[in-house]
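Participant: Given the sequences, and given the hints that come with them, work out the whole structure.
2 protein chains.
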Amino acid sequence: MVSKNQIKTITGLQQKKYRKQHKLFFAEGIKVVQELLNSNFELHHLYATEALFNGLDNNKVTLITDDELKKISALTTPQSCLAVFEMPAEKPLVKTGLTVALDEVRDPGNLGTIIRLCDWFGIKQLVCSQQCADVYNPKVVQATMGSLTRVNVLYTDLAEYLAVADTPVFGTFMDGDNVYTQTLPQDGIIVLGNEANGISTEIERLSAHRIAIPRFGDLQQTESLNVATAAAIILSEFRRNFNGK
Amino acid sequence: MVSKNQIKTITGLQQKKYRKQHKLFFAEGIKVVQELLNSNFELHHLYATEALFNGLDNNKVTLITDDELKKISALTTPQSCLAVFEMPAEKPLVKTGLTVALDEVRDPGNLGTIIRLCDWFGIKQLVCSQQCADVYNPKVVQATMGSLTRVNVLYTDLAEYLAVADTPVFGTFMDGDNVYTQTLPQDGIIVLGNEANGISTEIERLSAHRIAIPRFGDLQQTESLNVATAAAIILSEFRRNFNGK
Numbered sequence: 001m002v003s004k005n006q007i008k009t010i011t012g013l014q015q016k017k018y019r020k021q022h023k024l025f026f027a028e029g030i031k032v033v034q035e036l037l038n039s040n041f042e043l044h045h046l047y048a049t050e051a052l053f054n055g056l057d058n059n060k061v062t063l064i065t066d067d068e069l070k071k072i073s074a075l076t077t078p079q080s081c082l083a084v085f086e087m088p089a090e091k092p093l094v095k096t097g098l099t100v101a102l103d104e105v106r107d108p109g110n111l112g113t114i115i116r117l118c119d120w121f122g123i124k125q126l127v128c129s130q131q132c133a134d135v136y137n138p139k140v141v142q143a144t145m146g147s148l149t150r151v152n153v154l155y156t157d158l159a160e161y162l163a164v165a166d167t168p169v170f171g172t173f174m175d176g177d178n179v180y181t182q183t184l185p186q187d188g189i190i191v192l193g194n195e196a197n198g199i200s201t202e203i204e205r206l207s208a209h210r211i212a213i214p215r216f217g218d219l220q221q222t223e224s225l226n227v228a229t230a231a232a233i234i235l236s237e238f239r240r241n242f243n244g245k
Numbered sequence: 001m002v003s004k005n006q007i008k009t010i011t012g013l014q015q016k017k018y019r020k021q022h023k024l025f026f027a028e029g030i031k032v033v034q035e036l037l038n039s040n041f042e043l044h045h046l047y048a049t050e051a052l053f054n055g056l057d058n059n060k061v062t063l064i065t066d067d068e069l070k071k072i073s074a075l076t077t078p079q080s081c082l083a084v085f086e087m088p089a090e091k092p093l094v095k096t097g098l099t100v101a102l103d104e105v106r107d108p109g110n111l112g113t114i115i116r117l118c119d120w121f122g123i124k125q126l127v128c129s130q131q132c133a134d135v136y137n138p139k140v141v142q143a144t145m146g147s148l149t150r151v152n153v154l155y156t157d158l159a160e161y162l163a164v165a166d167t168p169v170f171g172t173f174m175d176g177d178n179v180y181t182q183t184l185p186q187d188g189i190i191v192l193g194n195e196a197n198g199i200s201t202e203i204e205r206l207s208a209h210r211i212a213i214p215r216f217g218d219l220q221q222t223e224s225l226n227v228a229t230a231a232a233i234i235l236s237e238f239r240r241n242f243n244g245k
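Chains A and B, in that order, are what the protein sequence lines are. To convert, note that position 210 of the first sequence is 210 in the working numbering; the numbers rise steadily by one, no gaps. To convert, note that position 231 of the second sequence is 231 in the working numbering; the numbers rise steadily by one, no gaps.
Any given hint could be a false lead.
Stated by the list, open to error - Facing chain B, a subset of chain A residues (Cβ under 7 Å, in silico):
#1 119
#2 163
#3 164
#4 217
#5 229
#6 233
Said to hold, decoys possible - Now the in silico label distances, taken between C-beta atoms and shown as ranges:
#7 62(B) to 95(A): 57 to 67 Å
#8 93(A) to 67(B): 46 to 56 Å
#9 71(B) to 106(A): 26 to 36 Å
#10 56(A) to 196(B): 23 to 33 Å
#11 94(B) to 95(A): 13 to 23 Å
#12 38(B) to 106(A): 27 to 37 Å
#13 39(A) to 88(B): 43 to 53 Å
#14 196(A) to 51(B): 17 to 27 Å
#15 93(A) to 181(B): 31 to 41 Å
#16 106(A) to 159(B): 38 to 48 Å
These are calculated hints, taken from the structure and not from any lab test. Being a predicted model, the structure only gives us computed values, none of them experimental. Yeah, the Cβ is synthetic: ideal placement off N, Cα and C, and Gly gets one too.
Facilitator: Encoded structure:
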């Protein structure tokens, strides 16, 4: 049974303002909830239509009906459980290794896909400008498919961060140098820009290296690549020489 | 002014059944409509909230209000125009060059993104199994951002097509050979599988080469990559040695 108050609180968590106020966010579906339960994220409360996970504190679990799940879910097709978690404290910035930095990537689906890509390519740190989508937006949480538990996502003033960076900064541009012919380091910061406008002028000035994915069509009309697919190609280029596991 | 009948016909085109019956589909927004107008696609009728394109047959243009556009649009935020086009005849299969083949890729956004990627990488032919999303689904048309005009998308029995293919077939699998260390040809067929199940057993048997994108995380829990981001990386690998323009 879910009370009216609980419904109000949970649906409120679809908004950043209430997530910040309550320091809570939620995830849906067995796969994503299981990954969060297995990690360091602290469960606040689980709402499920059946007994699903072992070893949870009974006080933190409520069995609900499908109709009740519909009332609290952010999905068009709710998926048997919704878990509210406590928002963890941001972990400190790490200055070595490969980092991805996002300059105003606003689409939650793109942010979620980029987090999943970072996880795949063993990149543990994603630095976002304050104008990026919020990592605890339910759409981002769902799109990460659990990768959220393995990538540290931080929000900061991107210009300030890049200005004092210890590792080389690689900005991605339509007219940058061919990424396929560059020598790419194991330590560095890869900057990806906004969906419509790319990297802003201020951040461009802080990008020592300007890289681009060459276009192969006969015609010059081809649209730019979507930021998430561009991220896939660029991260693959940075990692391919180290061959993976 | 849009008649009730026109509204019924246009909204009907959101369904494949009616698109096939009328041999029509629609696109929305200046960018996509302009690309289709510039190509070989035949305009059936344009509905726009202002005079937008030059040189069109007046009988094929209707000025409408924002409220009328809302009634015919498939977008949550309609974008000043909606154009109905005639569905062109399928072009014949080409047996050389690089082809992408999709085995039951059902998500319209994924199909649209893959068409855009083919366009970027100069791949002119995309062969889809009959179970794939329909290329004239409005969500696919929007996601292609006009690339639809430069990539020939065909639907066929994928097993029959691959069984008689003249060029080598590269299936993408979670446990295939490291794509970074393969010698990839300029002529071949790259097969990508269904979002949840990957490539089917029947199609797997027809894939002489099994390739995979290596995973770089410390942990083995990382989810598979989304099919559109996997496509980005694989197409980039096939093209990177030819350096682009």
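Participant: Now tell me, hint by hint, if it's right for this structure.
Facilitator: Consistency of the hints with the structure:
1. A least Cβ separation of about 5 Å between residue 119(A) and chain B falls short of the 7 Å threshold, and the interface hint therefore holds.
2. Taking 7 Å as the C-beta cut-off, the interface hint given for residue 163(A) is violated, the closest approach to chain B being about 29 Å.
3. For residue 164(A), the interface hint is violated, the least distance from its beta-carbon to any beta-carbon of chain B being 27 Å, above 7 Å.
4. Because the smallest distance between the Cβ of residue 217(A) and any Cβ of chain B comes to about 5 Å, under 7 Å, the interface hint for this residue holds.
5. Hint status for residue 229(A) relative to chain B: holds, with the closest Cβ pair at about 4 Å, below 7 Å.
6. About 4 Å separates the beta-carbon of residue 233(A) from the nearest beta-carbon of chain B, less than 7 Å, and the hint is met.
7. For residue 62(B) and residue 95(A), the Cβ-Cβ distance of about 60 Å falls inside the hinted range of 57 to 67 Å, so the restraint holds.
8. Between residue 93(A) and residue 67(B) the beta carbons are some 50 Å apart, a value that agrees with the proposed interval 46 to 56 Å.
9. Separated by about 29 Å at the C-beta atoms, residue 71(B) and residue 106(A) satisfy the suggested range of 26 to 36 Å.
10. For residue 56(A) paired with residue 196(B), a C-beta distance near 27 Å keeps the hint of 23 to 33 Å intact.
11. Between residue 94(B) and residue 95(A) the beta carbons are some 51 Å apart, a value that contradicts the proposed interval 13 to 23 Å.
12. Against the hinted window of 27 to 37 Å, the Cβ-Cβ separation of residue 38(B) and residue 106(A) comes to about 29 Å, which satisfies the hint.
13. Between residue 39(A) and residue 88(B) the Cβ separation comes to about 50 Å, which falls inside the hinted range of 43 to 53 Å.
14. For residue 196(A) and residue 51(B), the hinted distance range of 17 to 27 Å is satisfied, since their beta carbons lie about 25 Å from each other.
15. Roughly 34 Å separates the CB atoms of residue 93(A) and residue 181(B), a value that falls within the hinted 31 to 41 Å.
16. Checking the proposed 38 to 48 Å range against residue 106(A) and residue 159(B) shows it holds: the Cβ atoms sit about 42 Å from each other.
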